[in-house]
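**Student:** Each residue of the sequence shown is one higher than the last, beginning at 1 in the working numbering.
It is worth saying that the hints were derived from the structure and are not from the lab.
Wrong hints could be hidden among the right ones.
[As the list claims (entries may be wrong)] Distance condition first, Cα-Cα at most 25 Å in a straight line; then the derived PhoX-like pairs of lysine-lysine:
1. Lys77 / Lys185
2. Lys185 / Lys149
3. Lys250 / Lys159
4. Lys185 / Lys198
5. Lys77 / Lys149
6. Lys198 / Lys159
7. Lys198 / Lys72
8. Lys185 / Lys209
9. Lys250 / Lys209
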Amino acid sequence: MQRPRLKMRLGDLLVHENIISEQQLQQALAQQQQSGRKLGATLIELKFLSEVQLLQFLAQQLNVPFLDIAQKQIDPKAVQLLPEVQARRFRALVLEDRGNVVLLGMSDPADLAALDQIAMLLAPKQMEMAVVRESQLIDAFDTLYRRTKDIESFATQLKAEHGADNGLDLNVLDEQADADNTIVKLLQSIFEDAVQVKASDIHIEPDEKVLRIRQRIDGVLQESILNEVSIASALVLRLKLMANLDISEKRLPQDGRFQINVKQHQIDVRMSTMPVQYGESVVMRLLDQSAGLLHLEETGMPAHLLTRLRRIIQSPHGMILVTGPTGSGKTTTLYGLLSELNQAGCKIITVEDPVEYRLPRVNQVQVNHKIGLSFSNVLRTTLRQDPDIIMVGEMRDQETAEMGLRGALTGHLVLSTLHTNDAVTSTLRLIDMGAAPYLVASALRAIIAQRLIRRLCDYCKQPYQPDELESSWLQHNKANTSATYWHASGCQSCNQSGYKGRLGVFELLLITKPLADALRRNDTASFANLAHSSDGFTSLGTMALNYAQQGITSLTEVIRVSEYLDTESGSTPSEG
Numbered sequence: 001m002q003r004p005r006l007k008m009r010l011g012d013l014l015v016h017e018n019i020i021s022e023q024q025l026q027q028a029l030a031q032q033q034q035s036g037r038k039l040g041a042t043l044i045e046l047k048f049l050s051e052v053q054l055l056q057f058l059a060q061q062l063n064v065p066f067l068d069i070a071q072k073q074i075d076p077k078a079v080q081l082l083p084e085v086q087a088r089r090f091r092a093l094v095l096e097d098r099g100n101v102v103l104l105g106m107s108d109p110a111d112l113a114a115l116d117q118i119a120m121l122l123a124p125k126q127m128e129m130a131v132v133r134e135s136q137l138i139d140a141f142d143t144l145y146r147r148t149k150d151i152e153s154f155a156t157q158l159k160a161e162h163g164a165d166n167g168l169d170l171n172v173l174d175e176q177a178d179a180d181n182t183i184v185k186l187l188q189s190i191f192e193d194a195v196q197v198k199a200s201d202i203h204i205e206p207d208e209k210v211l212r213i214r215q216r217i218d219g220v221l222q223e224s225i226l227n228e229v230s231i232a233s234a235l236v237l238r239l240k241l242m243a244n245l246d247i248s249e250k251r252l253p254q255d256g257r258f259q260i261n262v263k264q265h266q267i268d269v270r271m272s273t274m275p276v277q278y279g280e281s282v283v284m285r286l287l288d289q290s291a292g293l294l295h296l297e298e299t300g301m302p303a304h305l306l307t308r309l310r311r312i313i314q315s316p317h318g319m320i321l322v323t324g325p326t327g328s329g330k331t332t333t334l335y336g337l338l339s340e341l342n343q344a345g346c347k348i349i350t351v352e353d354p355v356e357y358r359l360p361r362v363n364q365v366q367v368n369h370k371i372g373l374s375f376s377n378v379l380r381t382t383l384r385q386d387p388d389i390i391m392v393g394e395m396r397d398q399e400t401a402e403m404g405l406r407g408a409l410t411g412h413l414v415l416s417t418l419h420t421n422d423a424v425t426s427t428l429r430l431i432d433m434g435a436a437p438y439l440v441a442s443a444l445r446a447i448i449a450q451r452l453i454r455r456l457c458d459y460c461k462q463p464y465q466p467d468e469l470e471s472s473w474l475q476h477n478k479a480n481t482s483a484t485y486w487h488a489s490g491c492q493s494c495n496q497s498g499y500k501g502r503l504g505v506f507e508l509l510l511i512t513k514p515l516a517d518a519l520r521r522n523d524t525a526s527f528a529n530l531a532h533s534s535d536g537f538t539s540l541g542t543m544a545l546n547y548a549q550q551g552i553t554s555l556t557e558v559i560r561v562s563e564y565l566d567t568e569s570g571s572t573p574s575e576g
């Protein structure tokens, strides 16, 4: 292969072609000396040019193609020609295997040292070069270098070691099993694969003839099937040992917890087992402690809602509720609020089941119903611990709700969650639970309702005409049928799903005096009407629809999260 070579230094070439100025080059070189990063990355960071501009320029100078690999079908077998460690190190990916020649995509094909080492790894094959975006390469690494083959290989090896006819000899899988144990390697591969694709949960489900391993990615389960169903009991046993559960009890559900380190990530695993027809089902929630807490700005909450919410949480007393179904991001929002309130002059106590993230300076209490340490019992003690702020994981019963409301009336700021569909019905749920209407009216300051919607993949989304069902839904909700809506067909970047990542949609209801008066009268109809017409209130559906019209999400996602659209109240879509 004739190695591509720039005739001049990159910076001088960019100045010569009037893409950047001499002054910008000198500024970038000065910053490069401090950061140690490559000049191209520094120029992009300083916004003197875009990544696409730089790569198109490089491709032109080196006389190699510039490829959008998100739209390209990449052969997984070809990818494996270059080991993952070297691919990530050199930011390179084998895109095609043409026999004696491979097509290699790189974000910096002018890096001659990297090219020499890659050539040695791929020898005797020759290389043809292409320039690709680094961000696309990183995404491709995570989707193409999966641990699927490792998982299948270790599962087959485990079955062979212990035999298939009579099941596995569980006595050999003791707690002291070393890292060379096949089952340890299998579990490590399962966890590595889940962390790599940013899965929130792992499901291990034995069926009659197969073992299903499913991962929840962006709220949707993706399935892998293993034929070695006989290894299921060994997997469950090993996980029970890790979570300090009773390995002899297979007839009753159990809950546990353990920590593991995967790819420099400290993962807190919440594990639940349940007896099913063909063994025990295991579900593990993965909480990445090393990633740190999301700040409120990162949840997707619009700026005008953030401003109003930050004003509310400065109140010295009152209750703020975060509502939504399971998996809607309530805990993330609560911890975001706590991280902003967590200061040396403020005592915060939380009552949680379970404690999901550890916060410095915050007194976190884990509920334990087996010994009578319930929400209400802990909350009663909490009020005698001189707190400024109390966070109750969930309002589950009348006693907890009333104690939280009374705490909010006695000089404490109380944060909690509730499982309801929207902000308006949350107050009614508290009253239905047995809380007195006057207590709810006096203590409640604000309610945040939220959902998580999937983002359309930026690489494969395109405008389209809504189908008959979607058009009918838009007309029924008096929404704009002539607006541009988007969908995505799926590509390499989003693993053919059409979606990549999620963001929150929110509605914020402030309890004003008219709303509080309606609550005291227990006038639910007036309360709902006043809430929908209150100043600045935007429903979940309206905000989601606004995102759809901006091309951020699809109409399918909007319909999924919308109970109603608040189009008759005079509110306008928020600016996301």
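**Student:** Find the hints from earlier in the document that the structure breaks and name them by number, from lowest to highest.
**Tutor:** Hint check: 6 fails alone, others pass.
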